[in-house]
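**Student:** Here is how the chains run, residue by residue.
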Amino acid sequence: MSEERIVTRRDFMRDTAAGTAAMSLGLPAARTLARQESRHVRVVLVRDENALDDDGRVQAPVLERMLDNAVTTLFEDDDPAAVWGRLLSAGDVLGIKTNVYRPLRTPPELEQVIKERALAVGISEDSISIRDRGLRQDPVFQRATALINVRPLRAHDWSGIGGCLKNYITFDNPPDWHDDVCADLGGLWNLPVCAGRTRLNILVVLTPFFHSIGPHRYDPDAIWQYKGMLVSTDPVAVDALGVKLLAEMRNRFYDRPPRGLVSTKHVGYADTRHGVGIANLEEIELIRIGWTEDTLI
Amino acid sequence: MRHLVPAVLMLSLLGSGCSGRKLVNELDALIPETLAGWTAEETTPYDTETIFEYMNGAGELFLSYAYRGMLVRRFVRGENELTAEIYDMGSGSDAFGIFSRFRSGEEIDLGQGACYVTDHLNFWKGRYYGSVFAMLDEEGIREEILGLGRRMAERIDSQAPLPAVVERLPAADRDPASVRFFHLHTDLNRYYFVSDTNILDLDPGTDAALAAYERGDEYVFLVIIVYPEPDAAERAADDFRDAWMPEVQDENLVQVEDGLWSALARDGRTLAIVFDAPTAERARDLLRAGGF
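Sequences listed follow chains A and B, in order. All residue numbers for the first sequence refer to my numbering, where the first residue is 11 and numbers rise by one. All residue numbers for the second sequence refer to my numbering, where the first residue is 20 and numbers rise by one.
If you're looking for bench data, these hints aren't it; they were derived computationally from the structure. Hints may contain errors.
Rough simulated footprint, nothing fancy, chain B against chain A, three-plus residues with beta-carbon under 8 angstroms [said to hold, decoys possible]:
#1 167 to 176
#2 190 to 199
#3 217 to 225
#4 270 to 283
Even glycine gets a Cβ: it sits at the ideal position worked out from N, Cα and C.
Start from the sequences, fold in the hints, and give me the full structure.
**Tutor:** This is the structure:
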């Protein structure tokens, strides 16, 4: 684990390649990272320009195809049934951890696709639960052997982003994890109820909300019709790419590049303090499939 | 008909005695009970603990100021919802501080300061911060939101001065929409990222202001921080100098990696820092304009 020291904006100006993304992620500047061994993680970005219709409605068959394409690419196996059979087994108890933030919730159509894949593997209906809140009272989540983490990406007024890492905050008492702009959200992933159970992370980037001012401020002008999903076994890696994606969207949105940063250091600290995954973009292999217009990352 | 605060929610505040009930009643009086064409659905108070039930992690932002409590009233009309929020921020300074955090969009003449952007109004007056927003964009919604906001502002009797540290910001060339008041380094970073480490020793006991100054292509930032005591300001200056300008020996002025200049000055218990000045002279000029 890297030794933390004071890092300022000036350090990131010296490391122009790492630059803004690393600064936002709370990572030490690249040259200060203590590289003990080379690390590598795969993330698939799948996009389809038909994922939403002209009115912004989700097209379920397209989502289904996108998810299957993402997992077959991620695991380098052309057979989606075989891949789902590797991710899950009939004896699993599966919690599908969704997110019901009202203006931008996980598409129910996507929740159902995941559930159908689980049923097809042989998991019984009463061993599957789809929830965001009330996990501590949900018998399936409390005895889950497998979790699938799925939620949309959005800017967050306190933690910087609402991503896959933060999605697990409802496994515990959320205010307990707010300190220092939620710096230690990665610690959630080491709780006994979560640790080692997550089989897949899906950061939904169909319509990322890239600029938040205020806790209930949902500005439809700050929505990007990106029509994608970021999929990986590593929640830190998908969130790191999510941070970069939102930053790129904001850079295009503003006439003057913003000087401030809403800190997303919990993503970097999930790597450097809690060992949950890889936040360093140089160690993430991003595989892009599908629609390529305005990929941004 | 007066819309009553649900009894069960009142009970949670009655536990804190007469002061809790008094606060709820004060807030309740500031949001109109009726709105033409809309039905009042529910009214909910939130205190320093229950605020997280309403806004999760963002509640910490309000707690970093002197937040005392808030009230939310929802109105519905068909598929649409109009939400009115009123916050007691404990002081005019902190009401302005929260408002400055969220200021964005069109400046509106309402209360002591207001902004409107895409179906969302924010304003401050006295020690109160208010917000009115709609779930759906409809024809005429802007006027309805502003109308409700005006009625709320009119019910607030008193006004408050701007924070003293904000008044120290020089006016010439200042971008009015850039003015901020805050206490914590996490807020400073939102406006101008300095470091994830609190190298300026900001805490709830410090009052800080920031503004940007625009001349042509240049966009220079000035931060002024008032500490409780001169010793605290001196320690903060040393910490900042060590982290930001370790190569500087005699003068508190440094040209950083992007070619722009930073400068530091201290006057008793007040620090002033300039970022992104195009020249050393510009940095010194801005400090002098602030009285440093």
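**Student:** Now, for every hint given, state plainly whether the structure supports it.
**Tutor:** Here is what the structure says about each hint:
Interface restraint, the stretch 167 to 176 of chain A with chain B: holds (3 residues with C-beta to C-beta distance below 8 angstroms; minimum three). Counting residues of the stretch 190 to 199 of chain A whose beta carbon lies closer than 8 angstroms to any beta carbon of chain B gives 3, which reaches the threshold of three, so the coverage claim holds. Counting residues of the stretch 217 to 225 of chain A whose C-beta lies closer than 8 angstroms to any C-beta of chain B gives 3; at least three are required, and the coverage claim holds. Counting residues of the stretch 270 to 283 of chain A whose CB falls under 8 angstroms from any CB of chain B gives 5; the rule of at least 3 is met.
The earlier numbered hints are all upheld by this structure, with none contradicted.
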